[in-house]
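Undergrad: Going down the list, the sequences are from chains A and B.
Quick note: the first sequence, position 18, residue 18 per my numbering, numbers continuous.
Quick note: the second sequence, position 139, residue 139 per my numbering, numbers continuous.
Quick caveat, the hints were computed from the structure, so don't treat them as lab data.
Every value quoted in this text rests on a predicted model; they were computed, and no experiment measured them.
Where chains are identical, the list cannot tell them apart; a pair therefore holds if satisfied intra-copy or between any two copies.
Listed below are the simulated BS3-like cross-link pairs for lysine-lysine, each with C-alpha atoms no more than 30 Å apart in a straight line:
#: 1; residue 1: Lys-158; residue 2: Lys-204
#: 2; residue 1: Lys-131; residue 2: Lys-100
#: 3; residue 1: Lys-131; residue 2: Lys-204
#: 4; residue 1: Lys-194; residue 2: Lys-131
#: 5; residue 1: Lys-194; residue 2: Lys-151
#: 6; residue 1: Lys-114; residue 2: Lys-300
#: 7; residue 1: Lys-114; residue 2: Lys-97
#: 8; residue 1: Lys-131; residue 2: Lys-151
#: 9; residue 1: Lys-131; residue 2: Lys-198
#: 10; residue 1: Lys-158; residue 2: Lys-194
#: 11; residue 1: Lys-198; residue 2: Lys-158
#: 12; residue 1: Lys-151; residue 2: Lys-198
#: 13; residue 1: Lys-158; residue 2: Lys-214
There are 2 protein chains.
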Amino acid sequence: MNEKIKDILERGTEDIIGEKEIKEALQSGEKLRVKLGLDPTGTNIHLGGASQFWRLKAFQDLGHQVVFIIGDFTAKIGDASDKQEMRSNLTDEEISKNMKDYKEQISKILDIEKVEIRYNSEWFNGFDLRKLIPLAMEFTAQQMIQRRNFKERWDQEKPIGLHELLYPLLQGYDSVAINADVEIGGFDQLFNLKAGRKIQRFYKQKPQNIITSKMLYGLDGREMSTSWGNVVNINDEPKEMYGKIMSIHDDLILDYFEFCAFASYEELQKIKEDIAAERLSPRDAKADLAFRIVALYYGKKTAEEAGEYFERVFRKKESPEDVEKVKLEEGEMGIIDLLESCGMVSSRAEAKRLIVQGGVKIDQNIIKEPHAKISVKKGMIVKVGKRRFKEVT
Amino acid sequence: MNEKIKDILERGTEDIIGEKEIKEALQSGEKLRVKLGLDPTGTNIHLGGASQFWRLKAFQDLGHQVVFIIGDFTAKIGDASDKQEMRSNLTDEEISKNMKDYKEQISKILDIEKVEIRYNSEWFNGFDLRKLIPLAMEFTAQQMIQRRNFKERWDQEKPIGLHELLYPLLQGYDSVAINADVEIGGFDQLFNLKAGRKIQRFYKQKPQNIITSKMLYGLDGREMSTSWGNVVNINDEPKEMYGKIMSIHDDLILDYFEFCAFASYEELQKIKEDIAAERLSPRDAKADLAFRIVALYYGKKTAEEAGEYFERVFRKKESPEDVEKVKLEEGEMGIIDLLESCGMVSSRAEAKRLIVQGGVKIDQNIIKEPHAKISVKKGMIVKVGKRRFKEVT
Chain A
1 MNEKIKDILE RGTEDIIGEK EIKEALQSGE KLRVKLGLDP TGTNIHLGGA
51 SQFWRLKAFQ DLGHQVVFII GDFTAKIGDA SDKQEMRSNL TDEEISKNMK
101 DYKEQISKIL DIEKVEIRYN SEWFNGFDLR KLIPLAMEFT AQQMIQRRNF
151 KERWDQEKPI GLHELLYPLL QGYDSVAINA DVEIGGFDQL FNLKAGRKIQ
201 RFYKQKPQNI ITSKMLYGLD GREMSTSWGN VVNINDEPKE MYGKIMSIHD
251 DLILDYFEFC AFASYEELQK IKEDIAAERL SPRDAKADLA FRIVALYYGK
301 KTAEEAGEYF ERVFRKKESP EDVEKVKLEE GEMGIIDLLE SCGMVSSRAE
351 AKRLIVQGGV KIDQNIIKEP HAKISVKKGM IVKVGKRRFK EVT
Chain B
1 MNEKIKDILE RGTEDIIGEK EIKEALQSGE KLRVKLGLDP TGTNIHLGGA
51 SQFWRLKAFQ DLGHQVVFII GDFTAKIGDA SDKQEMRSNL TDEEISKNMK
101 DYKEQISKIL DIEKVEIRYN SEWFNGFDLR KLIPLAMEFT AQQMIQRRNF
151 KERWDQEKPI GLHELLYPLL QGYDSVAINA DVEIGGFDQL FNLKAGRKIQ
201 RFYKQKPQNI ITSKMLYGLD GREMSTSWGN VVNINDEPKE MYGKIMSIHD
251 DLILDYFEFC AFASYEELQK IKEDIAAERL SPRDAKADLA FRIVALYYGK
301 KTAEEAGEYF ERVFRKKESP EDVEKVKLEE GEMGIIDLLE SCGMVSSRAE
351 AKRLIVQGGV KIDQNIIKEP HAKISVKKGM IVKVGKRRFK EVT
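One chain only, chain A, in its complex shape (with noise of 0.2 Å):
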């Protein structure tokens, strides 16, 4: 099988309806229309998220019509695939801003000019009550609140606003409007995009085809999200972007090989087979894993400074040269005000809370105790977090 077919069917995919009808129209030469929606709430797109553009990016590839559904008017009412909270409605200023952010950052990935961009309060303004009326009724209230989110925050207690209920329909009747044959979407879609398929058989129209993404797990070994902090951006500066890669958690490797730097199939089963015969150590295997996704965002070259920039600091334990400095007098002084005088903490309380946590060490040691003297000297490296450093001068 053609290699692009099989990023467009396997690579990263969690669920998958109508596979053979994809592969068949793939192979006929068939033109698809091919439909991602998009909340334009967020303006970063992270590592998880771009996986859908490089999906999209095969399809495109292949000559068919990528066509982004802007959930403008959706937007306004709220989703509850990854929150677990109402959202708040957006202002048109609010989106206008967002969509130009995050088309910059799919520029990255998809050529944009070929996409069809539609924004929903397209068809959405002035929607008669008459016709959302027939599209609630082929769903019941149970089935809404059994959707993965609706059903978690139900159990939590925590409410789940009426109009939110609303929201899958909506998205539904997209794949109508557009006429979708694929969709595509997040591990958390896919009632979304079934409901997409009962609207459109609604309409009479043939049902839509459906691939989902596996989930990524982010920095902390959980979903991978925004709201978290946990993510990779695809806009982060190549150096955290490295530093962050190489952080991740070992049995991450090969997932982030396989959809977040898009390793051949036969890369994927050696680097898999090494790490398993401790050939290639987990550690290698992140630096080169680091290289490649930065490489794809911002080049090999970058990619190499980044790698060197790392090994300085964080491996070899030298500051790095552009490390900034901070004149301070030698003598006794507590950790806290110390980091106070560096301007590295925004309060004592936040100061005390990273001390605790062993978030704070002066030059290869941690300090743990909020009252610890530290004697202060030139050429002294104080760090907190993992990436943040001074240096006395």
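Once you've looked at the hints, dock chain B against the given chain A.
TA: Below, chain B without anything else, positioned relative to chain A:
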């Protein structure tokens, strides 16, 4: 307090919101707009439903404006109030037919010419989704499901159509559309009526006050409901109506006097005391009750005739003058064959069921054995259920 005002506020009242405000308005001479929502799905008004119209009559007598909202739009959506299952939607023709029948019945109680009659399709046809969503945002899914009949269906895992959750919003918006000062409704409507207050507030209107009626128990001791066939309809034939009222449970007598017969508060007190002191037998109380109710809808003369008929047939154990005759050979006959020959059952299975349940009498004797042999004689009275007789000749 004026008796009419007391009728409005107290007679058969379950819940009241804004009692003080309503009372003040009634005494000040302000002209109130009093809303009653009518669901045009049923054609027969029973005594439970009629109590709403009697309350409105009291408002009307005091010069207030009664407004009917005919839920022709919402009837196409369905309402969960007095059914345990999803309703199918009605056609315009059915609605129009039902309304004609409805008005005829209501004319027995209210001056229908003075009523403002509004169909909510007036404001809901073409109702913009952008107006619906802010209303939906005022409620959570949880609040909706807590609503009495949704809750029951939820607990019993019976489907609740997603469209049904929108119904309270629409009913609430009706109050905005007509600027209601007071809304009245059945005991099970409190949630919807309160939704109206919320939505009126959202539209910066003064929230309506609310009066709901107590539940009226039907012939079998359950809520009087057309779905359960335990109703006394206000267009029942006088003899049928009289007979049904004579069959109510003794402990319902006072309720029926209060909100079906509209006995004065003095009379209610006296009846209560007389029954307690055994100066008045439940049987005589019911005869008075049945007379009053039939008289309300058919006049005193007809009520007297119905009473005399009942006395003759049911109390003095005489067969009625106009009892239907059936010609049979004298001699032995199985009870099931006998019921079939008389044409009083539609199947042998029904005959058997009625016999086993004790619903079949030959002269004064209950026959409970389906294999019983009956010695057929001229003048014999065959009785099935409470009110069906045939005489053998």
